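These protein sequence lines map, in sequence, to chains R and C.
Here the numbering used here is used: the first residue of the first sequence is 2, the next is one more, and so on.
Here the numbering used here is used: the first residue of the second sequence is 46, the next is one more, and so on.
Just so you know, these hints were derived from the structure itself, not from any lab.
Some clues are possibly wrong.
Taking beta-carbon pairs under 10 Å as the criterion, some of the chain R residues facing chain C (in silico) [unchecked claim]:
id, residue
1, 57
2, 60
3, 69
4, 73
5, 78
6, 87
7, 91
8, 93
9, 123
10, 132
11, 142
12, 179
13, 188
Label-pair distances were calculated between CB atoms; the ranges are [as the list claims (entries may be wrong)]:
id, chain 1, residue 1, chain 2, residue 2, range
14, R, 82, C, 130, 38 to 48 Å
15, R, 82, C, 69, 38 to 48 Å
16, R, 142, C, 117, 52 to 62 Å
17, R, 197, C, 171, 34 to 44 Å
18, R, 26, C, 171, 27 to 37 Å
19, R, 79, C, 80, 23 to 33 Å
20, R, 36, C, 171, 50 to 60 Å
All values derive from a computational prediction rather than experimental measurement.
Built from N, CA and C at the ideal position, the CB exists for glycine as well.
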Amino acid sequence: MKSKACSKTYQGRCVLDVGEMTWQPGRIYVLIGANGSGKSTFAKILAGVLTSDQKTPVLPREVSVGYLPQRPYAFRMSLEKNLSIAAKDPARAEELIGALLLTEIRDKGGKSLSGGETARMALARVLMRPFDLLILDEPSAAMDMESTKRAEEVIRSYRDRTGAAVLLVTHSIGQARRLGDEVLFFREGHLRERGDCAVHLAEPETAELRAFLDFYG
Amino acid sequence: MQTALRRAIMLILSGDRELIDILLVTGRMSISSSLLALLLGVPLGILLGAGRFRGRNALIVLNRTLMGIPPVVCGLLFYMLFSGVGPFRHMKLLFTVRIMVLAQVVLITPIVIGNMENYISEVADPIRETTAGLGVGWPHALLLLVRESLYTICSTYLLAFSRSIAEVGAVSMVGGAIAWKTNVMTTAIMQYTNRGDFTLGVALGLILMTLSLVVNSMVTLLQRRISR
Numbered sequence: 002m003k004s005k006a007c008s009k010t011y012q013g014r015c016v017l018d019v020g021e022m023t024w025q026p027g028r029i030y031v032l033i034g035a036n037g038s039g040k041s042t043f044a045k046i047l048a049g050v051l052t053s054d055q056k057t058p059v060l061p062r063e064v065s066v067g068y069l070p071q072r073p074y075a076f077r078m079s080l081e082k083n084l085s086i087a088a089k090d091p092a093r094a095e096e097l098i099g100a101l102l103l104t105e106i107r108d109k110g111g112k113s114l115s116g117g118e119t120a121r122m123a124l125a126r127v128l129m130r131p132f133d134l135l136i137l138d139e140p141s142a143a144m145d146m147e148s149t150k151r152a153e154e155v156i157r158s159y160r161d162r163t164g165a166a167v168l169l170v171t172h173s174i175g176q177a178r179r180l181g182d183e184v185l186f187f188r189e190g191h192l193r194e195r196g197d198c199a200v201h202l203a204e205p206e207t208a209e210l211r212a213f214l215d216f217y218g
Numbered sequence: 046m047q048t049a050l051r052r053a054i055m056l057i058l059s060g061d062r063e064l065i066d067i068l069l070v071t072g073r074m075s076i077s078s079s080l081l082a083l084l085l086g087v088p089l090g091i092l093l094g095a096g097r098f099r100g101r102n103a104l105i106v107l108n109r110t111l112m113g114i115p116p117v118v119c120g121l122l123f124y125m126l127f128s129g130v131g132p133f134r135h136m137k138l139l140f141t142v143r144i145m146v147l148a149q150v151v152l153i154t155p156i157v158i159g160n161m162e163n164y165i166s167e168v169a170d171p172i173r174e175t176t177a178g179l180g181v182g183w184p185h186a187l188l189l190l191v192r193e194s195l196y197t198i199c200s201t202y203l204l205a206f207s208r209s210i211a212e213v214g215a216v217s218m219v220g221g222a223i224a225w226k227t228n229v230m231t232t233a234i235m236q237y238t239n240r241g242d243f244t245l246g247v248a249l250g251l252i253l254m255t256l257s258l259v260v261n262s263m264v265t266l267l268q269r270r271i272s273r
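Pulled out of the complex, with its shape left as it was, chain R reads as follows (with noise of 0.2 Å):
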């Protein structure tokens, strides 16, 4: 599938400027780069919540679109039935909740949870229900080691159940490394270099990458 060119100008400034791309279904695509590069702004644009300065879904219609965001939401229900706003199917949610050691915090009440706690519960909504495009916005931000290893795996254990493509966004350049097939890096609203992950990572083609990796990776 293709995403078609976008721009957002923020009070005169532009943030983003990106072309034409293309996501191949069941890869995994990881976005870095440094805070204000554009990241989440082409996450939310492509997630089809924040509008482009073309005004237009970047997307076909057809295509679907699974998005967690930043800071996603802990609605005031317990966790399972937080789990089934996405979609109601008890055996996938039981899946999720072993996997991401959700079963001790199973009944707590969504506005109960820990930071670590919502993220896990929130990764497990939005792999509750199989989409086109996964779009995950620092998924494992505020996990642990021990929970950041389960994340990774039940994200790669979706894309190969349900074929979908995975963009993930990430400032951890080891998660980048462990999974992604194809690296996008951002820089100043703009895309600097995309290709395979570990080509690209062990060997930058820019100097903003190669030194954006010597600092963080």
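Position chain C relative to chain R; hints supplied.
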């Protein structure tokens, strides 16, 4: 003071007819006006909090201004509209419980709208993003937003009821505090105190506080159930 308090308790226990009538009128007026204000204010508060339309900020400022309208000014307005020289005199509503309810609704609805708007504007965007990301349609998303607001709706009702039951300026002007007809607890307390009859005043004060405690406790219990 002690004697007045003892006599007040005796009056309550004896089931004084005038006292019961005041209580019934107060209950009718407070419950009707707070429920009507809730019915009007909650959808408007949700619209102002979650809506993205031209003129929204101006409406929020207007509502915040209306939240501070002095009750006597509201009473005066209704008095002028419904008195013998007013445009609505033919409706013959002045000095009835119905006009007291109307005046209270005008006073309380902006408070309900403001309270709801304040809460909804904080949660609307995260809920909108989350539900859109899950592929949930807008009717379901709206239902989730309303469900999420139940806790705030409860506390808003409490605020509306408290304001209604404790208000005196507007209801005394449009209701006239007529015994056996439009006299409510607050206007009766004023009347009896002015006459130097503290017994009924203290009795009504005690009941007012007790009612407030009962309603507060009930709503708090309801909120606990919702947040579970």
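Here's how the hints hold up against the structure:
For residue 57 of chain R, the shortest C-beta to C-beta distance to chain C is roughly 17 Å, which exceeds 10 Å, and the interface hint is violated. Annotation: residue 60 of chain R was flagged as interfacial toward chain C, and the flag is violated, the nearest CB pair being 13 Å apart, outside 10 Å. The restraint placing residue 69 of chain R at the interface with chain C holds, with a minimum CB-CB distance near 6 Å, inside the 10 Å limit. Nearest Cβ of chain C to the Cβ of residue 73 of chain R: about 6 Å, under the 10 Å cut. The hint holds.
Evaluation of the residue 78 of chain R hint against chain C yields a held restraint, the C-beta minimum of about 8 Å falling below 10 Å. Interface restraint check for residue 87 of chain R: the shortest CB-CB distance to chain C comes to about 4 Å, inside 10 Å, so the restraint holds. Against a cut-off of 10 Å between C-beta atoms, the interface hint on residue 91 of chain R is violated, since the closest Cβ of chain C lies about 17 Å away. Given the 10 Å rule on beta carbons, the hint for residue 93 of chain R is violated: about 14 Å separates it from the nearest Cβ of chain C.
Taking 10 Å as the C-beta contact cut-off toward chain C, the hint placing residue 123 of chain R at the interface holds, the least distance being around 8 Å. Annotation: interface hint on residue 132 of chain R holds; nearest CB of chain C at approximately 7 Å, less than 10 Å. With 10 Å as the threshold, the beta carbon of residue 142 of chain R stays out of range of chain C, its nearest partner Cβ sitting at about 16 Å, so the hint is violated. Look at residue 179 of chain R: its Cβ only gets to about 24 Å from chain C, farther than 10 Å, so that hint breaks.
The closest approach between the C-beta of residue 188 of chain R and any C-beta of chain C is roughly 25 Å, which is over the 10 Å cut-off, so the hint fails. Taking the beta carbon of each, residue 82 of chain R and residue 130 of chain C are about 59 Å apart, not inside 38 to 48 Å as hinted. Here the CB-CB span from residue 82 of chain R to residue 69 of chain C is close to 42 Å, well matched to the stated 38 to 48 Å. Hint check: residue 142 of chain R to residue 117 of chain C, Cβ distance near 54 Å, so the stated range 52 to 62 Å holds.
Residue 197 of chain R and residue 171 of chain C have their C-beta atoms about 35 Å apart, which keeps the hinted 34 to 44 Å range intact. Distance hint check: the CB atoms of residue 26 of chain R and residue 171 of chain C are about 30 Å apart, consistent with the given range 27 to 37 Å. For residue 79 of chain R and residue 80 of chain C, the Cβ-Cβ distance of about 30 Å falls inside the hinted range of 23 to 33 Å, so the restraint holds. Remark: the range hint 50 to 60 Å for residue 36 of chain R to residue 171 of chain C is contradicted by a beta-carbon distance near 20 Å.
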